[in-house]
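Peer 1: Next come the chains, spelled out residue by residue.
There are 2 protein chains.
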Amino acid sequence: MTDVRDIAIHYAHQNRDRFLADLKDFVRIPSISTLEEYKPEVLRAALWLADHLRSIGIENVEVMPTEGHPVVYGEWLKRPGAPTVLIYGHYDVQPPDPVEEWQSPPFEPVVRQDQLFGRGASDMKGQVMAVVSAVEAALKTDRMPVNVKFLIEGEEEIGSAHLEDFVKKHARKLKADVCLNTDAGMIGADLPSITYGLRGLAYMEVRVYGPSKDLHSGLFGGVVHNPAQALAELIAGMHDKNGRVTLPGFYEKARRPSRREREEYKRLPTNDKFFLSHTGVPKLWGEPNYTPAERVSLRPTLEVNGMLSGWTAPGGKTIIPAYAMAKISCRLVPDQRPADVFKQMKAYLKAKAPKTIRWEVIEMHSSEPVIVDLAHPAVNAMADGLERVWGKRPVFHREGGSIGAVIYLQKYTRVDSVLTGFGLPDDGIHSPNEHLHLPTWQRGIDTVIHFLFNLEK
Amino acid sequence: MTDVRDIAIHYAHQNRDRFLADLKDFVRIPSISTLEEYKPEVLRAALWLADHLRSIGIENVEVMPTEGHPVVYGEWLKRPGAPTVLIYGHYDVQPPDPVEEWQSPPFEPVVRQDQLFGRGASDMKGQVMAVVSAVEAALKTDRMPVNVKFLIEGEEEIGSAHLEDFVKKHARKLKADVCLNTDAGMIGADLPSITYGLRGLAYMEVRVYGPSKDLHSGLFGGVVHNPAQALAELIAGMHDKNGRVTLPGFYEKARRPSRREREEYKRLPTNDKFFLSHTGVPKLWGEPNYTPAERVSLRPTLEVNGMLSGWTAPGGKTIIPAYAMAKISCRLVPDQRPADVFKQMKAYLKAKAPKTIRWEVIEMHSSEPVIVDLAHPAVNAMADGLERVWGKRPVFHREGGSIGAVIYLQKYTRVDSVLTGFGLPDDGIHSPNEHLHLPTWQRGIDTVIHFLFNLEK
Numbered sequence: 000m001t002d003v004r005d006i007a008i009h010y011a012h013q014n015r016d017r018f019l020a021d022l023k024d025f026v027r028i029p030s031i032s033t034l035e036e037y038k039p040e041v042l043r044a045a046l047w048l049a050d051h052l053r054s055i056g057i058e059n060v061e062v063m064p065t066e067g068h069p070v071v072y073g074e075w076l077k078r079p080g081a082p083t084v085l086i087y088g089h090y091d092v093q094p095p096d097p098v099e100e101w102q103s104p105p106f107e108p109v110v111r112q113d114q115l116f117g118r119g120a121s122d123m124k125g126q127v128m129a130v131v132s133a134v135e136a137a138l139k140t141d142r143m144p145v146n147v148k149f150l151i152e153g154e155e156e157i158g159s160a161h162l163e164d165f166v167k168k169h170a171r172k173l174k175a176d177v178c179l180n181t182d183a184g185m186i187g188a189d190l191p192s193i194t195y196g197l198r199g200l201a202y203m204e205v206r207v208y209g210p211s212k213d214l215h216s217g218l219f220g221g222v223v224h225n226p227a228q229a230l231a232e233l234i235a236g237m238h239d240k241n242g243r244v245t246l247p248g249f250y251e252k253a254r255r256p257s258r259r260e261r262e263e264y265k266r267l268p269t270n271d272k273f274f275l276s277h278t279g280v281p282k283l284w285g286e287p288n289y290t291p292a293e294r295v296s297l298r299p300t301l302e303v304n305g306m307l308s309g310w311t312a313p314g315g316k317t318i319i320p321a322y323a324m325a326k327i328s329c330r331l332v333p334d335q336r337p338a339d340v341f342k343q344m345k346a347y348l349k350a351k352a353p354k355t356i357r358w359e360v361i362e363m364h365s366s367e368p369v370i371v372d373l374a375h376p377a378v379n380a381m382a383d384g385l386e387r388v389w390g391k392r393p394v395f396h397r398e399g400g401s402i403g404a405v406i407y408l409q410k411y412t413r414v415d416s417v418l419t420g421f422g423l424p425d426d427g428i429h430s431p432n433e434h435l436h437l438p439t440w441q442r443g444i445d446t447v448i449h450f451l452f453n454l455e456k
Numbered sequence: 000m001t002d003v004r005d006i007a008i009h010y011a012h013q014n015r016d017r018f019l020a021d022l023k024d025f026v027r028i029p030s031i032s033t034l035e036e037y038k039p040e041v042l043r044a045a046l047w048l049a050d051h052l053r054s055i056g057i058e059n060v061e062v063m064p065t066e067g068h069p070v071v072y073g074e075w076l077k078r079p080g081a082p083t084v085l086i087y088g089h090y091d092v093q094p095p096d097p098v099e100e101w102q103s104p105p106f107e108p109v110v111r112q113d114q115l116f117g118r119g120a121s122d123m124k125g126q127v128m129a130v131v132s133a134v135e136a137a138l139k140t141d142r143m144p145v146n147v148k149f150l151i152e153g154e155e156e157i158g159s160a161h162l163e164d165f166v167k168k169h170a171r172k173l174k175a176d177v178c179l180n181t182d183a184g185m186i187g188a189d190l191p192s193i194t195y196g197l198r199g200l201a202y203m204e205v206r207v208y209g210p211s212k213d214l215h216s217g218l219f220g221g222v223v224h225n226p227a228q229a230l231a232e233l234i235a236g237m238h239d240k241n242g243r244v245t246l247p248g249f250y251e252k253a254r255r256p257s258r259r260e261r262e263e264y265k266r267l268p269t270n271d272k273f274f275l276s277h278t279g280v281p282k283l284w285g286e287p288n289y290t291p292a293e294r295v296s297l298r299p300t301l302e303v304n305g306m307l308s309g310w311t312a313p314g315g316k317t318i319i320p321a322y323a324m325a326k327i328s329c330r331l332v333p334d335q336r337p338a339d340v341f342k343q344m345k346a347y348l349k350a351k352a353p354k355t356i357r358w359e360v361i362e363m364h365s366s367e368p369v370i371v372d373l374a375h376p377a378v379n380a381m382a383d384g385l386e387r388v389w390g391k392r393p394v395f396h397r398e399g400g401s402i403g404a405v406i407y408l409q410k411y412t413r414v415d416s417v418l419t420g421f422g423l424p425d426d427g428i429h430s431p432n433e434h435l436h437l438p439t440w441q442r443g444i445d446t447v448i449h450f451l452f453n454l455e456k
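Residue numbers (numbering that gives the first Met the number 0), protein chains in the order written: chain W, 0 to 456; chain F, 0 to 456.
For reference, chain W alone in the conformation it holds in the complex:
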């Protein structure tokens, strides 16, 4: 007797080329949420996705406004009594800069050697379309095992700025038994994984003001504290020699990894060699008492994301700049809180900034760190799905990134998230030449089909 799920899997295999064509259409839309001038394109991506959901049979599809970019919502609720899965995703992407480093234009998706290249191919239009394709396949069986709701936001890459308000406001509409979140990626093409923790984020801009205008360095060099130098001095003081963050109280509430977690981490293939080859740095860096895999997920960090002062175009300009700034973000672990970290940065600057300059901290955005309940039945449904497709039990680990949606859904709807994904560490997300490994993506579609049918039991 043929299992219904096999019909769905068969359908998915028959439609692989068309699924890919749909994904390429989606990637072609440059939905860069952080750039104001791309606002119409972000909307266009939302409208495209809404149309696509309608075309596969999803009902009550809406492009719902927020104070920022809209949320795409849709539902299929024709199996009363069956579990309801809330499918989370985001349709916005990072800017493609530096554009000149792309081998093919970022918004003209192209397949080269099993990889689909394009901004958003992996993060996360590919992941969204894997789940959408799996739902399509399940619906086509006419024996859809579960109810589904879609919550696809347009602001993940800018810290899900308005998602909290949205989830709070529409908590009842979003109510479900579990959230499927495929934004967490996997460890390697041959190692399926489930993520049970995410780092939080506190993103800020630190500004240093010196002279009231740019000064001629010949006329004034020697009497003013150069703001670029002063900022450099302050940034240099934010880490000690062992790579530990020096903001006062930074580690106070940070949860220390348990012995069991550190034991489990030994199963991860992400060793020194992995990080060296995936970053291209001459030598790894960071807290010496933790392995690289631990440092990128179980430990908090402070990063300079950008830095600007004075004359940076080709050629020279002999000025003392009036102003210098750095974009700085901290990745946080349980039980650190972004609000505390902003305070710690201000306390650090208050204590360390010299009287020769003025400074300011702009709090830009933040998200709380999170730990997911591993006892949830949906976690087992996903673990089983991954094992069926990959032939091995998944690894459980924590992730270094931040997903606001997971926190807000827990907070306002009490919906836990199953965190997995079919994006690989070397997909180059947030970098030039982002790509998606298509064989892994296709296994991902099969996995989500199994996950949906496993929930039926």
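To be clear, the hints were calculated from the coordinates, so they are not data collected in a lab. Any given hint could be a false lead.
Treat identical chains as interchangeable: a pair holds within one or across any two.
Within a straight-line C-alpha distance of at most 16 Å, the following computed EDC-like cross-link-like pairs (lysine to aspartate or glutamate) qualify [what the hints assert, rightly or not]:
hint : residue 1 : residue 2
1    : K212      : D425
2    : K240      : E286
3    : K77       : E66
4    : K167      : E359
5    : K345      : E58
6    : K167      : E66
7    : K212      : E99
Got chain W sorted already, so can you dock chain F onto it with the hints?
Peer 2: This is chain F only, laid out in the frame that chain W set:
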């Protein structure tokens, strides 16, 4: 009996409005030498100046090519036996950035309250036109007291990149008894001054390379040494707590100010209050054993002129940048040498840069520091001219800026320079809202007329 010089002075006073109109025409041309796209404008400024010199009776005017921007040459040599004055100047200007801080467009000169606003109004189109106007007035008497040659370059703001080659190649053509260089500015509107020393310059770009591409800070934060942070750490180490430069050997050859110089410096009005009000900083900075006036001219410095890494546009991007750079320049005093300073920077980086990053130093441009012979008769001719117009003896001091021309003329033609100028410290040169104090400028024209006639004696 009317002195011939009085006729010239009278002519200058009669023609003040037209002299200003000529200067405004000159300022309107955006001759920004550092920006490739402004090359045609730089050439237009050269052609405008050549035409203007011809119009006042200068002969053999040529726009002479170099490997960069051309030099405007011209001569009037009809007084055999009389001294020959080589008039140096530059017709190029700094970029107007940040443009949004200008109260009126930088290349639409406008007079507000005795000040002419515009990029180059003070540095140094105004200075060039003061001398050109004085020469015009002297020529109009039909009793021109001296011979003159003009050497007006187009690359001063980019370190006079090709002037050395030009002076070397045309040393005979440029031969003169003295060079008049009005690029040195004056101390205050009521205090004429002659400059007898200039700081040299070593301008470089320091580049720090980390990962092979921008990385997601969530996925990789904690294992790579952030290049922006590494650059900040290196910059922070370039000064000690007393504001002294730490490059190995930096001060070794730096000539210490003599007791007599430090005594003369007490006459300067440029005290703490002056520097506070002219810079707008909350507190002065620098070597505690020297006064501010000494620090900006008798002491060498190291400045960050620009700094760039990662994401600097509005909004946030959670990356670890692949790369960071700083434009760094040192102001040098006798007997430091730019070539040594470049070596010292490399030695510093070799000793201090961690193995977690790669680095590179690009040597951009340089000029030697210089001391001028105060015994030259032309120095007295200028001192007398300044005293006649201002009613007081000028102050002798050293300047903090760098003028390549002075060095090259000394080196290849053995022509000493008389360094003065009618630009004021608060003219905002190299800054937004650059302006020229017109009453001082008009006195400057009179002064140059006296200087020319004083040389006749």
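Peer 1: Now, for every hint given, state plainly whether the structure supports it.
Peer 2: A quick look at each hint next to the structure:
For a Cα distance limit of 16 Å, the shortest separation of K212 from D425 across copies, 11 Å, qualifies, whereas the shortest one inside one copy, 44 Å, does not. Taking the closest pair of Cα atoms, K240 and E286 come within 16 Å of each other only inside a single copy of the chain (9 Å); across copies the shortest separation is 27 Å, beyond that limit. For the homomeric pair K77 and E66, neither the shortest alpha-carbon distance inside one copy (32 Å) nor that between copies (77 Å) is at most 16 Å. In this homomeric assembly, K167 and E359 never come within 16 Å of each other (Cα to Cα): the closest approach is 31 Å inside a single copy and 51 Å across copies.
When the C-alpha separation of K345 and E58 is checked against a cutoff of 16 Å, the pair qualifies neither within a copy, at 48 Å, nor between copies, at 66 Å. Taking CA atoms no more than 16 Å apart as the test, K167 paired with E66 passes inside one copy only; the shortest distance there is 14 Å, against 66 Å between copies. When the C-alpha separation of K212 and E99 is checked against a cutoff of 16 Å, the pair qualifies only between copies, where the shortest distance is 12 Å, while the shortest distance within a copy is 33 Å.
The structure is inconsistent with the numbered hints 3, 4 and 5, although it conforms to all the rest.
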